[in-house]
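Asker: One letter stands for each residue in the lines below.
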Amino acid sequence: MEGLLPDLDVIRKDFPILERTLAGGQPLVYLDSANTSQKPQVVIDTMVDHLERHNANIARAMHQLGAESTEAYEGARDKVATFLNARSRNEVIFTKNATEALNLLARTIDLGPGDNVVITEMEHHSNIVSWQLACERSGAELRWFGLTDGGELDLSNADQLVDEHTKVVAFTWVSNMLGTINPVVDLVARARAFGALSVIDASQAAPQLPVDVQAVDCDFLVFTGHKVCGPTGIGVLWGREELLNELPPFHGGGEMIETVTMARSTYAKAPHRFEAGTPPIVEAVGLGAAVDYLGHIGLDAIHRHEQTITAYALDGLQSVPGVTVLGPLDATQRGGAISFELDGVHPHDIAQVLDSRGVAVRAGHHCAKPAHARFGVQSTTRMSSYLYTTPAEIDALIEALHHTRSYFKVG
Amino acid sequence: MSAELDNLYQEIILDHYKNPHHKGLRDPFEAQVHHVNPTCGDEVTLRVHLSDGVVEDVSYDSVGCSISQASASVLTDLVIGKPVDEAMTIHQTFLELMQGKGQVEPDEDVLEDGIAFAGVAKFPARVKCALLSWMAWKDATTQAQATDEGETA
Ligand SMILES: Cc1ncc(COP(=O)(O)O)c(C=O)c1O
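Line by line, the protein sequences are chains E and C.
For the first sequence, the positions run 2 to 412 when the numbering used here is used.
For the second sequence, the positions run 205 to 357 when the numbering used here is used.
Here chain E stands alone, though its shape is the one from the complex:
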């Protein structure tokens, strides 16, 4: 099949979990990578090695291990900076996950009555609720782009939504539910035209397509470590250095200060300004190894692989009677997460039957309830592929869906 990663079988060997079997000896068919990706051996080994040989607190330990640990942690920052093509390593802030990075922004960007924040109807809850809270707190108004029937952003009223009172335009690059790839460059330009800050949620983009913050020219961008082959407990906030240094601190504590007296403190510059307390050191080191791994394979090649698998999956899904796919049907216009309905069977029940055959998918609202409501559905089943997904695994999914229909005696 044209477009697949050339060494797919070698890549699969990098992921030890793909070799395990499930109850009844079923091989694992992991199609839930948009939820969390699996981890390659190099990430696991890097983290174990750090814990076994270099563990110490960073920046405050005056001994050899402390120096090694600091070097590994700061080295991970360099790797992430390269991964994003950031101008400076100071623009990379480690957070707990994408959710924390978005909340950091929603907490520290100055908003007030008369201001507005524009989001979209296809956001993950983390990019909705954090701004709802910010607006409730500040008296700013929350606005959003709606969606077209085809699952794209409806930009027809963009001129009314984004105006001179807009302070923030926050949007996802790739939808975790619809798979839609949004016109991020246009949205950033629109925000900038009105002096608003642009915030991109790249949680689903960073795993599968090249992210170049200079090319996109946005103000802030976040992603989460565990979806890019890294561990859980680590995420990234990238921001323009001058903007980061204008924001007030988020958490107060060790490592984020310049000096502290009992009456007041002054704060370090980014990135340390936003990294109060002992950070997730080994998780950051693991993330560094993960983005290195992806960079080594090449994001362009991974993107091509995802699109090839997605096109194959869309074809396969359409061959199952009663299946309706939500979001764009053209694989070149979307990411690798495909949410669908199957007439007469609830997503929970689909996922359960699939699981009995070793096929792991997600069922529910995928933390995108408004996007589901937009399409009048309460929940969907979602398959999501990644760089290790094979066409044979898609075949297993399709066959399991046929089986689900006969199990529930539909059609």
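By construction, these hints were calculated from the structure, which means they are not laboratory data.
Computed from a predicted structure; not experimentally measured.
All C-beta atoms in this analysis are idealised placements derived from N, C-alpha and C, irrespective of residue type, glycine included.
Warning: the hint list may mix true and false statements.
To be verified - Taking lysine to any residue pairs in the SDA-like style, the calculated list, with each CA pair at most 25 Å apart, reads:
1. E:K410 x C:N211
2. C:K222 x E:G323
3. E:K370 x C:N211
4. C:K222 x E:G345
Stated by the list, open to error - What follows is a list of derived Cβ distance ranges for each label pair:
5. E:M2 x C:S206: 52 to 60 Å
6. E:G345 x C:S206: 14 to 22 Å
7. C:K305 x E:H166: 22 to 30 Å
8. C:I216 x E:H297: 49 to 57 Å
9. C:Q303 x E:D301: 47 to 55 Å
10. C:P232 x E:D316: 36 to 44 Å
11. C:T243 x E:D344: 19 to 27 Å
12. E:D164 x C:T243: 32 to 40 Å
13. E:E20 x C:V258: 54 to 62 Å
14. C:E290 x E:R13: 52 to 60 Å
15. C:S206 x E:L143: 27 to 35 Å
Fit chain C with the ligand to the known structure of chain E by using the hints.
Answerer: Coordinates of chain C with the ligand only, in the frame set by chain E:
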């Protein structure tokens, strides 16, 4: 694996799913509640009508999977027409079955069709589906009792 699946999706459950009993919202009622399973989005709106300490009617509208739908149907079969105390005991028995991790022997005399849910107890992710309407019923009944007592007092 398929045997486990058949154990979960008993014929009785699939029958209730396809033809749910007592479905739809009806008057009169003293309490109405809306419960949601936040992880999957399954929802139920449920009304309870009590009279002289008896569960006169339980009506509901719901969206969700086969397990949650069938369990609402079985719930109404079991509690409608029963004194509230007895219905609460049935609730407790069902709860113990569902929380029993598959180790509890179901009592057919008390639970009737409800015994079909014994297999669900082995699937931790699905226990919440089975309990959704039961929790809603308990909540509504407690509220209705407060009203009921208020009126008779
Ligand atoms: C588009 C999108 N944004 C944000 C998140 C939140 O990621 P996390 O839960 O790791 O903070 C996710 C993942 O679930 C996502 O898919």
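Asker: Please go over all the hints and tell whether each is borne out by the structure.
Answerer: Status of each hint after checking the structure:
{"no.": "1", "hint": "E:K410 x C:N211", "result": "holds, 17 Å"}
{"no.": "2", "hint": "C:K222 x E:G323", "result": "holds, 17 Å"}
{"no.": "3", "hint": "E:K370 x C:N211", "result": "violated, 31 Å"}
{"no.": "4", "hint": "C:K222 x E:G345", "result": "holds, 10 Å"}
{"no.": "5", "hint": "E:M2 x C:S206: 52 to 60 Å", "result": "violated, 31 Å"}
{"no.": "6", "hint": "E:G345 x C:S206: 14 to 22 Å", "result": "holds, 20 Å"}
{"no.": "7", "hint": "C:K305 x E:H166: 22 to 30 Å", "result": "violated, 56 Å"}
{"no.": "8", "hint": "C:I216 x E:H297: 49 to 57 Å", "result": "holds, 55 Å"}
{"no.": "9", "hint": "C:Q303 x E:D301: 47 to 55 Å", "result": "holds, 51 Å"}
{"no.": "10", "hint": "C:P232 x E:D316: 36 to 44 Å", "result": "violated, 54 Å"}
{"no.": "11", "hint": "C:T243 x E:D344: 19 to 27 Å", "result": "holds, 24 Å"}
{"no.": "12", "hint": "E:D164 x C:T243: 32 to 40 Å", "result": "holds, 38 Å"}
{"no.": "13", "hint": "E:E20 x C:V258: 54 to 62 Å", "result": "holds, 59 Å"}
{"no.": "14", "hint": "C:E290 x E:R13: 52 to 60 Å", "result": "holds, 58 Å"}
{"no.": "15", "hint": "C:S206 x E:L143: 27 to 35 Å", "result": "violated, 48 Å"}
Of the numbered hints listed earlier, those contradicted by the structure are 3, 5, 7, 10 and 15.
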